[in-house]
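Q: So the chains spell out like this:
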Amino acid sequence: MKPYEIIHREQIAEGVKIFIVYAPLITKHCQPGQFLIVMVHENGERIPLTIADFDRERGIVEIVFQEVGKSTLQLGAMEAGECLQAIVGPLGHASEITGWKGVVAVGGGIGVAPVFPIARGCKQNGARVTSIIGARTRELLIYEEKMRAISDELIVCTDDGSYGRQAMVTEPLRELLETEEEIDLCVAIGPAIMMKSVAETTRPFGVKTIVSLNSIMIDGTGMCGGCRVSVGGKTYFACVDGPEFDGHEVDFELLMARQGMYRDQEKEAVDDSSHPCKIGLPPRKPA
Amino acid sequence: MTKKRSTRVPMRPQDPGARNKNFLEVNLGYTEEEALEEASRCLMCKGPQCVKGCPVGIDIPGFIGRIKEGRFNDAARLIKKKNSLPAVCGRVCPQEEQCEALCVVGKKGDPVGIGNLERFAADHEAGNPDGITLDMAPENGHKIAVIGSGPAGLTVASDLAMKGYRVTVFEALHKAGGVLAYGIPEFRLPKAIVGRELDYLASMGVEIRCNILVGASVTLPELFAEGYRAVFIGTGAGLPRFLKVPGENLNGVYSANEYLTRSNLMRAYDLEEADTPIAHGKRVAVFGGGNVAMDAARTALRLGGEEVHLFYRRSREEMPARKEEVHHADEEGILWQFLTAPLEFIGDEKGRLKALRSQRMELGEPDESGRRKPIPIEGGELVTEIDTAIVAIGNDSNPILTRSMPEIDTNRWGNIVVEEATGRTNCRGIFAGGDIVTGAATVILAAGAGRTAANAIHEYVQWITWGEAPQS
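These protein sequence lines map, in sequence, to chains A and B. Under our numbering, the first residue of the first sequence carries the number 343, and numbering increases by one thereafter. Under our numbering, the first residue of the second sequence carries the number 303, and numbering increases by one thereafter.
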């Protein structure tokens, strides 16, 4: 197998794909909670993607991504057997998965993927794990069986009620916090607004809440500061100080504002590369 | 002194009105005639002062003498005995503070254009290969690992390859070169030149492996376990400093590292070819007074900046940037805001930068360092409408490798502590040099540190002693 070769690819939901990639330099040391920087082609962007699973012996990582922009669309168009241009990692601090008694793992949308290895790690280290996973609709739910296999209890929600309980993840979370005594950690990964809601839900209960911040990144190694976030009033770099932070201290408004920095350019790039040409020009392929 | 001797043959630049819209190299280089004429100005001093000003001790009269004789490639090879990156250094060294500052001809007129001549020789050899290479020692079978493919690492790699070592360079980014690739813009140092230097290394058998982050993908103990006899750490000063004023996290405020990495490494300036976006600010404020600030400001002009302001808290004379960069920036239309300090970035309701509040300063009494201290002028606050800000006030050392190896001694700023004469750290077999040791400095100083460490590594591997002088 060649470095960065796509061993297996699968569409698991609308616009959501799993890739299994051969990357032995990543798998030698990677831990739950860490992420990768991926380049699809030589002139492409460098984008951060979280590690959803890994197999050290076989040297393979599993990544889950949503096709939301030009780079993820290009990534999604790649076939098994093709190689990515580059994968760098593992980046960021690993999750703290030992010493917990009762963990609530909350995953929203494709955030369930990086929650999975963290929840599994906590369970393997003796914690009782209750998992709550949610998505807008049934088609966008991922990793249900994987989560069920490693959780003492799994609660599934959809916003529209098309599957599981019709609720935002914060509803069962609040109920759990009101009834369960021994919860000493809540891990929440998903869209920024969801992580913010989870943090607000756990705040009155005083439960330590860890979130994983998905800032825009370039190098991922601390040298540019593009991923800066504000936590407890101080500025940190999500790539070398995170990606996990105390959810009760994170300035989510700033995170969401900074995530929107290139919205216009991103939209233009997607339109540019996907609109059908009416005057017979060939579609622009990556160089 | 005749008039001919006292003025330098000027380096022809692209016209400022045209060049501030394109990324082509600004300096066009000497023609052969110009090089011969400039070389003839050199007095070939018996006790050359210029050599003393060179951090790596290049035989300057030696190479200029060869240029005079029309032996351009020989001149390049002579330079390469001391400096493996002449095409780069000829372009980016602050010669006015080094060799040219001590040139005797400069006492009565313009110093000899040593940098221009170095560039000429290097470019000539690259463009007119004659098949003659420097003598390399036979392979000795020892493996050396170099961490970081910037000027320090590349110099260690080429020096040790010449001495017969098998060198592997590990680079975290997807392209090699370090600051040469991500920091210095195309219009000052074309990436084709960097590519050429890298090809030269490859021709010597040096292996460069990109996308490997030592300290994360692989650890130093693992490298030793794989049989590397010594490791050189040249990871650079890559953790940007911010101004620490309110509003610094607004959209549109960049560190110079981010802005330049997007533009240079990710080629965001080339909308057709590259995918990475970058702000094309119309009203831009750049903070800082060094070469990086000049690079950021001049890049902003080229990316559509209509008003690009350079805010520096001291005066023009005190700016540490290379004189030529300041001159070029002047010509290209940078608006200077000297003795002005930033107070606050102001944003709109969407978190987007829209203005800067700053303070005019004046030079007051000298402080403990002897320099006159800037003090605020009463009533001298101003608000400038800007949409993009670039902070170029320096870097601290990148923490990834040092965090993974806390055994390596660092100072309180995270710089690796080394023995100056050898580049040795406190850990056996581990050497370091360049910005990770000194903090942000120059290409040539990094190259010099690389040379020092390469010699020490050679001694260490050959004599297998650590902390003792080898038997001669």
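Misleading hints may appear alongside valid ones.
No farther apart than 30 angstroms at their CA atoms in a straight line, the calculated lysine-lysine pairs in the BS3-like style are these [as the list claims (entries may be wrong)]: (1) K546/B x K538/A; (2) K576/A x K652/B; (3) K550/A x K609/A; (4) K652/B x K538/A.
Read the hints as simulated data drawn from the structure, not as lab findings.
Q: Now look at each hint and say whether the structure bears it out.
A: A quick look at each hint next to the structure:
no.	hint	in the structure
1	K546/B x K538/A	26 angstroms, holds
2	K576/A x K652/B	20 angstroms, holds
3	K550/A x K609/A	37 angstroms, violated
4	K652/B x K538/A	18 angstroms, holds
Violated hint: 3 only; the structure is consistent with all others.
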